[in-house]
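**Student:** Modelling step: build the complete structure from the supplied sequences, incorporating the hints.
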Amino acid sequence: MKAATAPYKTALRWKGLTPFYDRVMALTMRENYFRSLLLEPIRDRKPRYVLDVGCGTGTLALLLHRQFPDASVFGLDGDEKALAIARQKHAVAGWPIVLEQGLSTALPYPDGSMDLVTCSLLLHHLSDADKQQSIREMHRVLSPGGMLMLADWGKPANKLMRLLSYGLQLFDGFDTTAANIQGRIPNMLYQGGFKDITQTGQVNTLFGTLALYRTDK
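Read in UniProt numbering, the sequence shown has 24 at position 24, and its numbers run on one by one without any break.
Hints may be right or wrong, so weigh each one.
[What the hints assert, rightly or not] Straight-line distance between alpha carbons at most 20 Å, and here's what the computed EDC-like set of lysine to aspartate or glutamate pairs gives:
no., residue 1, residue 2
1, Lys46, Glu31
2, Lys155, Glu31
3, Lys155, Asp172
4, Lys195, Asp216
5, Lys46, Asp216
6, Lys195, Asp111
7, Lys89, Glu31
8, Lys81, Asp111
9, Lys155, Asp128
10, Lys155, Asp175
11, Lys89, Glu100
12, Lys81, Asp172
[Said to hold, decoys possible] Pair ranges (Cβ atoms, derived):
no., residue 1, residue 2, range
13, Tyr33, Asp70, 24 to 30 Å
14, Asn158, Ala84, 36 to 42 Å
15, Leu170, Glu40, 27 to 33 Å
16, Gln88, Pro110, 37 to 43 Å
17, Gln182, Pro144, 29 to 35 Å
In short, the hints are calculated from the structure, not lab data.
Built from N, CA and C at the ideal position, the CB exists for glycine as well.
**Tutor:** Put into structure tokens, the structure is as follows:
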């Protein structure tokens with residue numbers, strides 16, 4: 001499998017900020033709202049195997065287990081410090097979620113092994129080449145009829161959101177965030193093999209507009 005073509009970026013760019021990630025998300029990102037909104041369209045599904053790509057500190061993986069208690073839930077992230085926080089959360093909850101270190105460009109799971117894949121706030125950290133490779137990998141591990149639920153920065157909803165998104169680009173880099181801000185993520189999903197791509201919602205935040213997508217294999 002293809003390895004990452006660009007240096008790895010942590011969630012808040014600098015490793016020293018990782019312990020503050022959950023606090024930043026809560027204060028600036030309307031986190032509970034956008035994660036709940038992301039999962040709302042699949043409330044009635046009954047997946048057996050669920051993967052959260054770029055799981056970070058494990059918040060979405062916990063929500064996935066709560067929504068699908070009979071499913072086997074996996075979380076994958078490249079940042080061991082974030083995974084350590086996730087493991088602490090899941091140990092307190094006592095829920096059997098499998099957390100593994102790895103990269104989205106080379107998912108360590110067999111073809112067609114997942115019924116549902118989620119991915120939130122990961123793609124904007126990646127080069128365009130790694131975005132496309134990660135999307136191909138998510139498509140590969142999904143079973144026929146499986147579904148991807150994606151949340152990431154999208155085209156700003158208005159002039160204020162465009163102004164605020166400059167802060168995001170200054171922080172995370174103009175090179176990796178350009179495709180998001182230009183609204184090119186749906187086209188990348190299509191090129192990666194996904195069909196019937198639907199934007200299920202958007203959330204305006206202090207760093208711009210989050211776009212939520214649902215797409216099937």
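**Student:** Compare the structure with each hint and give your call.
**Tutor:** Hints, verified against the model:
1. Lys46 with Glu31: violated (24 Å)
2. Lys155 with Glu31: holds (19 Å)
3. Lys155 with Asp172: holds (16 Å)
4. Lys195 with Asp216: The hint holds at about 6 Å.
5. Lys46 with Asp216: holds (15 Å)
6. Lys195 with Asp111: This hinted pair holds, its Cα atoms lying about 18 Å apart.
7. Lys89 with Glu31: holds (16 Å)
8. Lys81 with Asp111: violated (28 Å)
9. Lys155 with Asp128: Holds - the C-alpha atoms of Asp128 and Lys155 are around 16 Å apart, at most 20 Å.
10. Lys155 with Asp175: holds (15 Å)
11. Lys89 with Glu100: holds (15 Å)
12. Lys81 with Asp172: holds (19 Å)
13. Tyr33 with Asp70: 24 to 30 Å: With a Cβ separation near 26 Å, Tyr33 and Asp70 satisfy 24 to 30 Å, so the hint holds.
14. Asn158 with Ala84: 36 to 42 Å: holds (39 Å)
15. Leu170 with Glu40: 27 to 33 Å: holds (32 Å)
16. Gln88 with Pro110: 37 to 43 Å: violated (29 Å)
17. Gln182 with Pro144: 29 to 35 Å: holds (31 Å)
In summary, the numbered hints that this structure violates are 1, 8 and 16.
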